[in-house]
Amino acid sequence: MLHSGNMTETQAIGATRGASPVRLTHLQRLEAESIHILREVVAEAERPVMLYSIGKDSAVMLHLARKAFYPAPPPFPLLHVDTTWKFRAMYDLRDKAARDAGMALLVHKNPEAEALGINPFDHGGRHTDMWKTEGLKQALDQYGFDAAFGGARRDEEKSRAKERVFSFRTASHRWDPKNQRPELWHLYNARKHKGESIRVFPLSNWTELDIWQYILAEAIEIVPLYFAAPRPTVERDGLILMVDDDRFRLHPGEVPVERSVRFRTLGCYPLTGAVESRADTLEAVIQEMLLTTTSERQGRAIDHDQAASMEKKKQEGYF
Amino acid sequence: MTSYRPDALIASDISAYLQLHQNKSLLRFITCGSVDDGKSTLIGRLLYDSKMIFEDQLASLESDSKRLGTQGQEIDFALLVDGLAAEREQGITIDVAYRFFATEKRKFIVADTPGHEQYTRNMATGASTADLAVILIDARKGVLTQTRRHSYLCHLLGIRHIVLAVNKMDLIGYDRATYDAIVADYRAFAESIGIAGFAPIPISGFRGDNITGPSANTPWYEGPALLEHLEAVEIDADADAVRPFRLPVQWVNRPNLDFRGFAGMIAAGTIRPGDKVRILPSGQTTEVARIVAFGGDKAEAVAGESVTITLADEVDCSRGDVIAAADAPPQVADQFQATIVWMDQAEMLPGRAYWLKLGTQTVSATVQPPRHAVCVNTMAELSVKTLGLNDIGVAEVYTDRGVVFEPYADGKDLGGFILIDKATNATVAAGMLNFALRRAQNVHWQAVEINREAHARQKHQAPRLLWFTGLSGSGKSTIANLVEKRLHALGKHSFLLDGDNIRHGLNRDLGFTDADRIENIRRVGEVARLMTDAGLIVLTAFISPFRAERELVRKLLPEGEFFEIFVDTPLEVAEARDVKGLYKKARAGQIANFTGISSPYEAPQDPEIRVDTTRETPEAAAERIVEAIMGTWSPVI
Chain W
1 MLHSGNMTET
11 QAIGATRGAS
21 PVRLTHLQRL
31 EAESIHILRE
41 VVAEAERPVM
51 LYSIGKDSAV
61 MLHLARKAFY
71 PAPPPFPLLH
81 VDTTWKFRAM
91 YDLRDKAARD
101 AGMALLVHKN
111 PEAEALGINP
121 FDHGGRHTDM
131 WKTEGLKQAL
141 DQYGFDAAFG
151 GARRDEEKSR
161 AKERVFSFRT
171 ASHRWDPKNQ
181 RPELWHLYNA
191 RKHKGESIRV
201 FPLSNWTELD
211 IWQYILAEAI
221 EIVPLYFAAP
231 RPTVERDGLI
241 LMVDDDRFRL
251 HPGEVPVERS
261 VRFRTLGCYP
271 LTGAVESRAD
281 TLEAVIQEML
291 LTTTSERQGR
301 AIDHDQAASM
311 EKKKQEGYF
Chain L
1 MTSYRPDALI
11 ASDISAYLQL
21 HQNKSLLRFI
31 TCGSVDDGKS
41 TLIGRLLYDS
51 KMIFEDQLAS
61 LESDSKRLGT
71 QGQEIDFALL
81 VDGLAAEREQ
91 GITIDVAYRF
101 FATEKRKFIV
111 ADTPGHEQYT
121 RNMATGASTA
131 DLAVILIDAR
141 KGVLTQTRRH
151 SYLCHLLGIR
161 HIVLAVNKMD
171 LIGYDRATYD
181 AIVADYRAFA
191 ESIGIAGFAP
201 IPISGFRGDN
211 ITGPSANTPW
221 YEGPALLEHL
231 EAVEIDADAD
241 AVRPFRLPVQ
251 WVNRPNLDFR
261 GFAGMIAAGT
271 IRPGDKVRIL
281 PSGQTTEVAR
291 IVAFGGDKAE
301 AVAGESVTIT
311 LADEVDCSRG
321 DVIAAADAPP
331 QVADQFQATI
341 VWMDQAEMLP
351 GRAYWLKLGT
361 QTVSATVQPP
371 RHAVCVNTMA
381 ELSVKTLGLN
391 DIGVAEVYTD
401 RGVVFEPYAD
411 GKDLGGFILI
421 DKATNATVAA
431 GMLNFALRRA
441 QNVHWQAVEI
451 NREAHARQKH
461 QAPRLLWFTG
471 LSGSGKSTIA
481 NLVEKRLHAL
491 GKHSFLLDGD
501 NIRHGLNRDL
511 GFTDADRIEN
521 IRRVGEVARL
531 MTDAGLIVLT
541 AFISPFRAER
551 ELVRKLLPEG
561 EFFEIFVDTP
571 LEVAEARDVK
581 GLYKKARAGQ
591 IANFTGISSP
601 YEAPQDPEIR
611 VDTTRETPEA
621 AAERIVEAIM
631 GTWSPVI
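Those protein sequence lines, which keep their order, are chains W and L. This note's numbering puts the first residue of the first sequence at 1, with every later residue one more than the last. This note's numbering puts the first residue of the second sequence at 1, with every later residue one more than the last.
By construction, these hints were calculated from the structure, which means they are not laboratory data. Misleading hints may appear alongside valid ones.
[What the hints assert, rightly or not] Calculated lysine-lysine pairs in the DSS-like style (CA-CA distance at most 27 angstroms, straight line):
| # | chain 1 | residue 1 | chain 2 | residue 2 |
| --- | --- | --- | --- | --- |
| 1 | W | 67 | L | 276 |
| 2 | W | 67 | L | 24 |
| 3 | L | 276 | W | 194 |
| 4 | W | 137 | W | 192 |
| 5 | W | 192 | L | 422 |
| 6 | W | 67 | L | 459 |
| 7 | L | 459 | L | 422 |
[Claimed, not checked] Non-contacting residues of chain L with respect to chain W, defined by C-beta distances greater than 12 angstroms in every case (computed):
| # | residue |
| --- | --- |
| 8 | 254 |
| 9 | 313 |
| 10 | 416 |
| 11 | 422 |
| 12 | 616 |
Note that CB positions come from ideal geometry on N, CA and C, so glycine has one too.
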């Protein structure tokens, strides 16, 4: 093929291959795959719901849902399984995000945990177990949801590398590792018996960097806690914890210190470690992330409880 | 060691770095080989060299390497990707693990399949989404049976790019003659099974030779290093963009009466507003009006994108249909020859009906006895009667209605399918359509088909089957009659099947033994299904005592159309009412096999609607049932 003299290099490449000049980037491909998954569930499930944890992955997942069903609002509600111990800034964004998307927001608090006053200071692992694991099961049963979107990614942890996009749960919400279905091409088998449910992970193939880049490219609103700011903190067991409200129990002699910190992941504030940082823009956060030397989950106290804890929690019904 | 993350640019100009990475492409590949070939070491090396490993992971890697590693005091990269110990103890099958890394030019997703007994199934799964395969060979061992098996499976799944990574070159002193002999050996085999070309690369995953850049140890090798090659290879979806347009319709977006968008992932081609398209299988033609997107309409969309388009004319189009280039539409057929990879412990039952899912279409299909199976080690054709776990065979597949398809070699999205067991819902097989059988190709598809949707649309309703079950005298017929009257008043088209109009005619040859009761319900179910095909709301009032038969009928119907209504009246209450005096006769032994007395009633465990007749009047129950049905009313698309 002959090139005309004033053709740019890109055009010339497109022309010689006879291909369209449009070529999808990795983010466009990931987006298309996630949207495909979201739509497939809506087409095949009876009562889908999106689990919304208010973190950056949830923010991306919600944004993808809005794109997938535009101009309609996403045809399912958001569900927040609340532990009552999230950062205050998270609750603010939660209500706004649901409003902006035109979606119903369901908030479930395990009444049993509420009655017993389960909290991260006195109850350790039971806190996560009762508020999150049990709370999630209760909410799914109460509303009869048969498919729940979650924002987990395969790059988060070794045991998730082999997790399916469609993960099947028995009627009692147990994950049976031997009974998961092979996923070929873009084909997902969503058929299930009454009472069984599916957890669906549209972000399976995204990495932490992909999430950040997408937030930047699409200007997605995230909780301000991801950006560095002076915050009252204490240091305990190697974690920097933020004193977010007056329920935080200070040890004798412990005095909150103002540090410039940000959070790499968000959960219950007394369990979530901050990192000292001055990164107060998205670019600066990504820069730090790329230059950092520790993996994302280190800030979560939950993993340190026991080896292979994620695997165990997953079998019990936690995400 | 070459770094694939330019830390200098990250530190000095993050915006420039992000701009660069914004435009990366995505390549998915699969690695084939066993741990002995150094596969895990190679993947670990790729992650390590592209800095996808953090300090805390590295620290645990270093301590693990000293404790468990096979490389003395040096870092054992294999430990990065090997499955969890706990997992192995529990005997959990690690089938396909996905890993991620990126270089300056591309993001990569690696499908890693461990090489144990479930190999065929796992490799087929990993290969189905791969653009490229890295076939690992131990330079000391050369082309082995497993090399042939891996290559055959990759070729079968349509992977167009194959890299022959001759690994452990350090252990043969980087000997060129040995390498050349292995490549020649492989070339002969590859040509024999139809692999058009491959890229051989001499590497050492352990030492890092020819992984990220040229190695001084192999001056005689002039080709690219492994990562350089992975960065340059053409991606399948880019090739798909120049094929004729195909959009399998996944979901119809109808937020209001003025908007009707067709959503799906473009399987092939490029689309612009104004392009002429044909809807398959109906054959109607129209034009693309808009490509609707969140940030504003788009001027163009290509293969691999998930889009929502609107059409210029009001045409029938719903999930499962394919919107295609008007002048180059795909075929529609209902009989095929296919290559099938069996993936379930339970072997294939020729003639049994499975769900076949292809693109967004789900149909009922039967597989004929295999013409032959293929031995994955020798590629020899074997004579077999069926296919078991990990078997690959060629067989004819018949579907209960036309399927819009392309031969797998032309397009994976409209040529690849899965089979689903109707009872267990397990994915039991993956298949690739080779071609339509001649007799099926001759089926002429009319532009307008009078199908069940058309029948229902004419009646302005969605078909339903309201299946009333309960003991004799529980009140089934009473409530069903009230429901039908109410539906009639609402202008709905319905029909009630009960003992009076079925037992005296269609089923007068049947008695009350268990076998006859099962056959009775089977026939009622089939008749009810035909009536729903005609667009009717069907009500049935039969004791239907066995759970299995009620479930059988449920499965006859599309999901959401079957409503099990349990008229729950305790035996003593029904017996006290004894409207027809039947219980009295049964107690006196004058009626054999009477449900509740001398034959069991299996109550529904999870009915759509339960009516407790001791607490609710028939009128109230009927009203509630109608409301429940109307509440789930989805307008026919």
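Examine each Cβ of chain W, and state whether all of them lie more than 12 angstroms from the Cβ of residue 416 of chain L. About 5 angstroms separates residue 416 of chain L from the closest Cβ of chain W, which leaves it inside 12 angstroms; violated.
Taken at face value, is the distance from the CA of residue 422 of chain L to the CA of residue 192 of chain W at most 27 angstroms? Measuring from Cα to Cα gives roughly 10 angstroms; hence the hint holds.
Would the hint linking residue 67 of chain W and residue 24 of chain L be met if the CA-CA limit is 27 angstroms? 22 angstroms, holds
Beyond 12 angstroms from every Cβ of chain W: is that where the Cβ of residue 313 of chain L lies? 20 angstroms, holds
Compare the distance between the alpha carbons of residue 276 of chain L and residue 194 of chain W with 27 angstroms, and conclude whether the hinted pair is satisfied. Violated: residue 276 of chain L and residue 194 of chain W sit about 43 angstroms apart, past 27 angstroms.
Would you check whether the claim that residue 422 of chain L is not at the interface survives, using Cβ distances to chain W and the 12 angstroms cut-off? 9 angstroms, violated
Does residue 459 of chain L lie within 27 angstroms of residue 67 of chain W when you go C-alpha to C-alpha? 35 angstroms, violated
Can you confirm whether the C-alpha distance between residue 67 of chain W and residue 276 of chain L stays at or below 27 angstroms? Holds: residue 67 of chain W and residue 276 of chain L sit about 26 angstroms apart, inside 27 angstroms.
Can you confirm whether the C-alpha distance between residue 459 of chain L and residue 422 of chain L stays at or below 27 angstroms? Violated: residue 459 of chain L and residue 422 of chain L sit about 30 angstroms apart, past 27 angstroms.
Least C-beta distance between residue 616 of chain L and chain W, which was stated to exceed 12 angstroms: 22 angstroms, holds
Between residue 137 of chain W and residue 192 of chain W, is the straight-line Cα distance small enough, at 27 angstroms or below? Roughly 18 angstroms between the alpha carbons, so the hint for residue 137 of chain W and residue 192 of chain W holds.
Over 12 angstroms from every CB of chain W: does residue 254 of chain L meet that, or does the non-interface label fail? 8 angstroms, violated
The structure shown violates the earlier hints numbered 3, 6, 7, 8, 10 and 11.
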